[in-house]
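Enquirer: Take the given structure of chain A and dock chain Z to it, following the hints.
So the protein sequences, as listed, match chains A and Z.
Read left to right, the first sequence gives residues -18 to 347 (this note's numbering).
Read left to right, the second sequence gives residues -18 to 347 (this note's numbering).
A few of these clues could be false.
Stated by the list, open to error - Calculated pairs, DSSO-like style, for lysine-lysine (alpha carbon to alpha carbon, straight line, at most 30 Å):
| no. | chain 1 | residue 1 | chain 2 | residue 2 |
| --- | --- | --- | --- | --- |
| 1 | A | Lys164 | Z | Lys291 |
| 2 | Z | Lys291 | A | Lys152 |
| 3 | Z | Lys311 | A | Lys347 |
| 4 | A | Lys124 | Z | Lys309 |
| 5 | Z | Lys179 | Z | Lys9 |
| 6 | Z | Lys347 | A | Lys(-5) |
In case anyone wonders, no lab produced these hints; they're calculated from the structure.
Just so it is clear, the structure is predicted and the values come from calculations on it, not from any experiment.
2 protein chains.
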Amino acid sequence: MLNITIPTLLLDRKRCLRNIEKMAEKAKLSGAQLRPHLKTSQSLGVAAWFESFGVSAVTVSSLRMAKYFADGGWSDITVAFPVNILEAPLIETLATNVRLNILVESTESLIYLGEHIHNPVNVFIKIDIGYHRTGVAYQDVTKIEAILDTLASYRFFQFKGFLTHAGHTYKITSAEEAQHIYKNHLAALTQLKNQFAKNYPDLILSYGDTPSCSMLEKLEGVDELRAGNFVFYDLMQYQIGACRLEDIAVAVACPVVALHPERSEIVVYGGGVHFSKDQLLHPNGHVYYGRVVTLDNDTWHIPAQESYMKSLSQEHGIIKASPDLMAKTKVGDILAVLPVHSCMTADLMPYYQTLDGERIDIWDKK
Amino acid sequence: MLNITIPTLLLDRKRCLRNIEKMAEKAKLSGAQLRPHLKTSQSLGVAAWFESFGVSAVTVSSLRMAKYFADGGWSDITVAFPVNILEAPLIETLATNVRLNILVESTESLIYLGEHIHNPVNVFIKIDIGYHRTGVAYQDVTKIEAILDTLASYRFFQFKGFLTHAGHTYKITSAEEAQHIYKNHLAALTQLKNQFAKNYPDLILSYGDTPSCSMLEKLEGVDELRAGNFVFYDLMQYQIGACRLEDIAVAVACPVVALHPERSEIVVYGGGVHFSKDQLLHPNGHVYYGRVVTLDNDTWHIPAQESYMKSLSQEHGIIKASPDLMAKTKVGDILAVLPVHSCMTADLMPYYQTLDGERIDIWDKK
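So here's chain A without its partners, still in its complex pose (with noise of 0.2 Å):
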């Protein structure tokens, strides 16, 4: 139907418009605004289908990846990356287009921009809750308020507010964990804002990860949630406990190349190169990349049987085989593997297939 011959990125649009439609749902019930991650479908096709659930506001990675939104109509874009001053060109172009978000985390990146931005820029704090990898810790009143006084001493940024992510939610595997972490989350930012509310009214709480936001029933007490991963899913967010495989609205497919009857394997052209080499530990103890689902006309399906991606080679796949799909394939088949990572794996395809026929294209960074 699909005339497949290449590795090539399947996308379930019923799947993903749900997926949407339900996050959308969620944000309305936490009285936030949604302005979804675009790093994980990078493609202004898809980023369209978030409009008719009233998305207007969108987060990107990198300034490249802004400019590559702005060009395709987006109007609200935030950078969630801390800046990248080397890059202060690209962000006045930025700047005299859209209503641009940036996040800094340090007086230095200011400073610089301050001396070569002349539009106007909105700038997120970024606070650390204790996930330490970006961001001034939220204990660090004296760092904030020093940012917020360089801020201040330049006319074209506006403070926009505190954003932080709870990058720890991807470890976890249940609801209660969730929510310990955004009790925690809420309860420093809420400090933080009540501190500052007084000069800066206006300020917003950004928050925002995929396992919190599709684990917890609602998300009382921030401004806007960022998740993004959400829109496709995959299998470490199944794995965390905050979708279902049903969920999943990606998957690669990928031609069967050989067969190795004997140990139950599978040869598929597909490889780290299509997949990425993100991998999870699977509970039953062996690590895999990715796991097949049967492909039917319009959508596919969780077969009784699992079988997993157990190695990835550049161009290469080894399918661990079910006695049934063992049986069943041949040679020149075509076979569809959920991904561990969705985001990762979109990055290195050139399009969506959508499997009503449509070729949704994928932002082509290079």
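Expert: Below, chain Z without anything else, positioned relative to chain A:
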């Protein structure tokens, strides 16, 4: 000097040329033809450097990559991947224009191609000598004979020989182990050659992985060497013992976006979408994704104190910095980082930036 503002793949031309020269000499000493695997560099520009060392035949990992090199003028190409029959039309096109060598491991694939191909194609049988990824078990003479019989029944096929990949060498750490693996492989291959030379006097033995080809003083007894990674090497090869740190010829230049001296960490713009997620276990017990080198004007140096990439997000990298590096690094600086797996890193990047100022395009597979 180089005006770098985003993650950029640096190439040290001198190191690269030295790596090529050494491998060309080893092939000569071994009495074998060097047929380098170009999946590492994926670049006509870098491939051209091989020509000056007498290389006229190459290896690639997909039919589409074969087309890229065929379009660029290479005329003798082995696709070292179990043939994907769904791309028969592309095989037909390639076979019209170049000397094309494909790999088979089943009669099914051959029969399909035999019915669909009308131009000469050379065929290797992929032999499995214990690595168990792909190939016909070397003891399975019945299957080999069946493939040869099928092959002989189509006039456009020419049997080229036996090809094997000793992927085991990626688990070794000494030349003795490489020697042991080579001895076993050579014994199995030679037995096959002796057995089938009567009917196929021109059959050749194709061998080659970078650890073997680097760690063995010579590889007598095989006819061609297909190693590829050696052109750049990387931290994986260094940890195996296949190269010195000083031999690694590529590094990712990453802008510094944040500093966290309280935990000796530097945040750089440079993540999984630039490096890939391949990781190594450091002898000291931690996982790592890269190692910082000191950029000089026209080369780089290995600093006395080690700093390494401790984690990679989609676009961020977190460097665990030595006291020296931490003390001297500022936001907006560029740090150069040796990659764990240069093939996967090159696959993600648009071009090589040589330290002497040239941009060399990488194949845009999208």
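Enquirer: Compare the structure with each hint and give your call.
Expert: Results for each hint:
1. Lys164(A) with Lys291(Z): OK: Lys164(A) and Lys291(Z) at ~29 Å, within 30 Å.
2. Lys291(Z) with Lys152(A): holds (17 Å)
3. Lys311(Z) with Lys347(A): holds (28 Å)
4. Lys124(A) with Lys309(Z): holds (21 Å)
5. Lys179(Z) with Lys9(Z): holds (27 Å)
6. Lys347(Z) with Lys(-5)(A): holds (26 Å)
Violated hints: none; the structure is consistent with every hint.
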